[in-house]
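**Student:** Given chain A's structure and the hints, the job is docking chain B onto it.
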Amino acid sequence: MKAAYQLVVIGAGPAGMAVAQTAARHGIEVAVIDEQADAGGQIYRNVDASPLADIDLLGRDYVFGRQLVQEFKHAAVEYFANAAVWYLDANGEIGIIVDGVHRRISAQRIVIACGAQERPMPFPGWDKAGVMTAGAGQILMKSAGMVPGEAPILAGSGPLLLLLAWQYLRAGVKIRALVDTTQSASRWTAMRHFPKAIAASDYLFKGLQLVTAIRRARVPWLREASNLRAEGDERLRALNFDCRGKPQRIETSLLLLHQGVIPSVQIAAAAGCEASWNDVQQCWQPVVDHWGQSSADNIFVAGDAAGIGGARAAWLGGQLAGLQIAHQLGELEQAQRDRLALPVRNARARHLAIRPFLDSWYRVADSCLVPRDETLACRCEEVSVGEIRALAAMGCSGPNQAKAFTRCGMGPCQGRFCGATMEQIFASETALNPQQIGRFNSRPPLKPVTLGQLACSD
Amino acid sequence: MFRLLDTAVAQIVIELDGVEVSVPAGVSVAAALLYLDQVPLRHSVVNAAPRAPFCMMGICFECLVEVDGVANQRACQVQVQAGMCVRLQLSPGAGASD
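Top to bottom, those sequences are chains A and B. Using our numbering, read the first sequence as starting at 1 and increasing by one per residue. Using our numbering, read the second sequence as starting at 1 and increasing by one per residue.
Chain A on its own, in the form it takes in the complex (with noise of 0.2 Å):
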């Protein structure tokens, strides 16, 4: 690893891979620094390196990945995997732990592409031993090629949640149930996007596919569910639940959650980025043009690290970020980045067609982003949304005094799993939107570092 780059990608999913394939390309010399033992992001997980006998199991999309990581990793590209950004700095300034030793490097232009997280779904007992998240659950099966050994209730809302019930069925897993916790009301609103929707339409056929194996394989599919609480002492026993005002109880050892993917904004936030509030998506974007580059000269956010559009539409963002940089950095003349960006663009536009469809159908439902009282809302520091609430309702100026106040936030997590419940208490305490009552400072370490690794640093 040299010390310094013309440009370093972080992350090496689907954005992160075509930022840096599309600026060499053009001459740039790049690194990219990963997190995983191998590329292809969550979404392509060990596409390339797969523990599963038959990888069609996972379906044709995740498949469709493995050309993306073959080619990146045959790119003249320097590539760094297990390697964590604990630190980001408006000058450019990266602190890395690759294999538990620190580095420092900087680059002219750097580009974030470190993807989205499942948006937090608290309610109590979701801390439990055997609550984990639906990507949790994906993620076992791409990397270790496990399933689970009973039936697990998948519940929640999204797109993920239905492709992980169909995922498992081919895999021979058994549902106990689909407690859906989608608002049929949603759908109204969601028709008025169909018309959109319909140029994207290999994503509508998708779901209806998934939709009828579900159906056919009569998975108990409980819609319109609220009012879930997890029940167990050492482990999960047990989920409850309201559907359609009338109590149920369901027994399970394993209880796998979704309710839609929001983007990891730490990363750019600690470098100073600009965010906002995107009130259909419920989540924080950072603010970025049509290339990418966010409020920051040297700092570009791509793919869903800079908003929800799905692993095509990050690998299409990815390419327009590596134009646009190559053009920054002197290899490549206006008229030429216009042209070669123009297709790009019109494929990006069409995958994303199918977005107001899908944001609107599955709008998260108020229940769920404010849960009761006795719910845990801080993981790591163990703070409840009742602390929170009566915090706001004292007049508490918002999240960052919250914090002070409780140490909701403050915990290894730094906020990941808390910060989106927080900012959703005090908008419903205060009646103001999350862009006017504002989000958690994000600040270094991103990821945990040992005043051992840093005083061992170059």
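Simulated from the structure, these hints should not be mistaken for laboratory data. Worth double-checking, as some hints may not be accurate.
[Unchecked claim] Quick look at which bits of chain B chain A covers, simulated, 3 or more residues with Cβ under 8 Å:
no. : segment
1   : 2-8
2   : 20-27
3   : 32-42
4   : 45-53
5   : 58-72
[What the hints assert, rightly or not] In silico DMTMM-like links for lysine to aspartate or glutamate, alpha-carbon gap of 20 Å or less:
no. : chain 1 : residue 1 : chain 2 : residue 2
6   : A       : Lys-174   : B       : Glu-20
7   : A       : Lys-174   : A       : Asp-56
8   : A       : Lys-174   : B       : Asp-37
9   : A       : Lys-206   : A       : Asp-359
10  : A       : Lys-174   : A       : Glu-251
11  : A       : Lys-2     : A       : Glu-150
We put the CB at the ideal spot given by N, CA and C, even for glycine.
**Tutor:** Just chain B now, with coordinates in the frame of chain A:
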């Protein structure tokens, strides 16, 4: 809690709390512990509540274990190696009153 889809996967031996156990090669420590049904794998630091892997992608910090003498390692971010010593961060007596 989780099983292998392809049971022909090679196994390696690691040490879990001083006991030799056989786990699939090439998986994360968190995946290996789920395979062994080692749930919960720690108790939380504030209320000693039982916890287990949650996100499996390195951001929730619920799967913290001691690996080869270093505490608080994210089990989902460390690959199992033959001979690796893993210790669970369970607090004795926790959960009894729950």
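**Student:** If a hint holds in the structure, say so; if it does not, say that too.
**Tutor:** Hints, one by one, checked against the model:
With 5 residues having a Cβ less than 8 Å from any Cβ of chain A, the segment 2-8 of chain B passes the three-residue criterion, so the hint holds. Three residues within the 8 Å Cβ limit are the bar, and the segment 20-27 of chain B against chain A gives 3, so the coverage statement holds. A count of 6 residues in the segment 32-42 of chain B with a Cβ less than 8 Å from any Cβ of chain A is obtained; the coverage claim is therefore met, three being the minimum. Against chain A, the segment 45-53 of chain B contributes 7 residues with a C-beta closer than 8 Å to a partner C-beta. That satisfies the three-residue criterion, and the hint holds.
A count of 7 residues in the segment 58-72 of chain B with a Cβ less than 8 Å from any Cβ of chain A is obtained; the coverage claim is therefore met, three being the minimum. The straight-line distance between the Cα atoms of A/Lys-174 and B/Glu-20 is roughly 32 Å, outside the 20 Å bound, and the hint therefore fails. At roughly 19 Å between alpha-carbon atoms, A/Lys-174 and A/Asp-56 fall within 20 Å of each other, so this suggested pair holds. Taking the CA atoms of A/Lys-174 and B/Asp-37, the gap is about 19 Å. The hint holds against a cut of 20 Å.
A hinted pair counts as satisfied when its Cα atoms are at most 20 Å apart, and A/Lys-206 with A/Asp-359 qualifies at roughly 16 Å. Restraint check: the Cα-Cα separation between A/Lys-174 and A/Glu-251 comes to about 14 Å, which is no more than 20 Å; the hinted pair holds. Between A/Lys-2 and A/Glu-150 the CA atoms are separated by roughly 48 Å; this puts the pair beyond 20 Å, and the hint is violated.
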